[in-house]
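Peer 1: Sequence:
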Amino acid sequence: MALLIDLPPELLIQILSLVGSTHRSYSQKERQGDLAIFALVHSSFLAPAQHLLYTGNVLIRNAGRSYLLARTVLANPSLSALVRQLTVDSHQSDHPPSVAIILEYTNPSSLALDGSIFRAGDASKALHELLLRRSSIRSFTWAGEGHYFGNDIEPLLRAWTGLEDLTLKFSRTGSWPHKLGIKPTYQLESLALSYDPGTNEELEWALGGTTISLRHLVMGRPANDRPALLRIGGSVLCAQAGERFNQLLLHLTTLHFFPTFIHALSLGQILNHAPALRHLSFGAEHLIQPASPAPPLPPIPLPPLLRTLELHRQNHAKDLRLAEALNSKDRPPSLHSVVLHGLFPTDDEAREVQRVCQAEGIELEVRPF
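118 is the number that this note's numbering gives to position 98 of the sequence shown; each next residue is one higher, with no gaps.
Source of the hints: derived by calculation from the structure; they are not laboratory data.
Quick reminder that beta carbons are idealized off the backbone N, C-alpha and C, glycines included.
Just to be clear, a hint being listed does not mean it is correct.
Stated by the list, open to error - Simulated DEER-style distance windows between Cβ atoms:
id, residue 1, residue 2, range
1, Ile202, Leu150, 18 to 28 Å
2, Leu24, Glu221, 54 to 64 Å
3, Arg375, Leu285, 19 to 29 Å
4, Glu149, Ser37, 31 to 41 Å
5, Gln309, Glu383, 22 to 32 Å
Claimed, not checked - Calculated cross-link-like contacts (lysine-lysine; reagent style DSS-like; alpha-carbon spacing at most 27 Å):
id, residue 1, residue 2
6, Lys145, Lys199
7, Lys349, Lys338
8, Lys199, Lys189
9, Lys49, Lys189
10, Lys189, Lys203
11, Lys189, Lys145
12, Lys145, Lys203
Using the sequences provided together with the hints, build the complete structure.
Peer 2: Quick look at the structure:
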């Protein structure tokens, strides 16, 4: 019988990649630590463990880690070639010199940065100039203060014409406090905004100045995953928002939408203009219903290709008349999964939906928290 250490590296990579896969709470930090231990156990494990450590998301949480990684990529070009995803998630101000070295000797296609990395004077300026030349970036995540966006991030987004995946996380609510400049010319496939754009102009700018090719859109965050309420009322995604927004909705396959205020009628208009939607995740702080004595709205219209529906508020199933929509002849035949957040299985709304799902063969998951 062959020993584990005698297996080919390709098979060892597959085996080590399963480390921690059965634990739901297994963190990236724990994974990196365990793989580092495997690398020291036996020489046969070294190359496979290094492959997994450096081809996965390389996470930097402090300046010490960035210093060690910079030293590694300088000393070992074969490892630097493996780095494809880099996340710098730290507020420490002495990062930029080390991060600049890492980016100088690696060529990541995925990059995530904390906004404070650009607050370290000349070192940050040198890092920014280096990033402007990194045309290989395809996925970018930025978390920071909105008032730094114009100087720090706008030039990068205009320079990265091949960008496909963009996530912007503003740490304070409120509009972008600067005048928007020339739009980027990338063609995004995925856009995530952790706030609700206050104007069509902001969303238009983030989408870029070329033909819309977006397939996945996230706007806002669920209530249990955000530090503050989204700041504005209404939705810029509506049928009246213009031809470009209709074009955006037409091609979307995934929509995660968490506005502060939205009229139920506007939500219906959005869904009626999104025929390709496969996954809808929705939760509004305030879902506005027609004022009395106006007649109630019809059940939520479900796009014809929808497969998964998630509702993130306690009253949404009732207010959107979900049970009626699921029991309708217009229910999409592809719908196989419904997830209700914020309800208990014993709640009347959950029981009503459960009865319909059981009768129609739809999988239902109820998550109280």
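Peer 1: If a hint holds in the structure, say so; if it does not, say that too.
Peer 2: Hint check results:
For the pair Ile202 and Leu150, the supplied restraint of 18 to 28 Å holds, since their beta-carbon distance comes to about 22 Å. Between Leu24 and Glu221 the C-beta distance comes to about 58 Å, which sits within the given range of 54 to 64 Å. Between Arg375 and Leu285 the C-beta distance comes to about 27 Å, which sits within the given range of 19 to 29 Å. Between Glu149 and Ser37 the CB atoms are about 37 Å apart, so this pair conforms to the stated range of 31 to 41 Å.
The hint said 22 to 32 Å for the Cβ distance between Gln309 and Glu383, and at roughly 29 Å that hint holds. Using a Cα cut-off of 27 Å, the hinted pair Lys145 and Lys199 holds, with the two alpha carbons roughly 22 Å apart. At roughly 19 Å between alpha-carbon atoms, Lys349 and Lys338 fall within 27 Å of each other, so this suggested pair holds. Between the alpha carbons of Lys199 and Lys189 the distance comes to roughly 19 Å, so the proposed pair stays at or under 27 Å and holds.
Of the supplied pair hints, the one linking Lys49 and Lys189 holds, its CA atoms being roughly 22 Å apart against a limit of 27 Å. A distance of roughly 19 Å separates the Cα atoms of Lys189 and Lys203; the hinted pair therefore holds under the 27 Å criterion. A C-alpha spacing of about 22 Å is found between Lys189 and Lys145, which places the hinted pair at or below 27 Å, so the restraint holds. A threshold of 27 Å between alpha carbons decides the hint, and for Lys145 with Lys203 the separation of about 22 Å falls inside it, so the pair holds.
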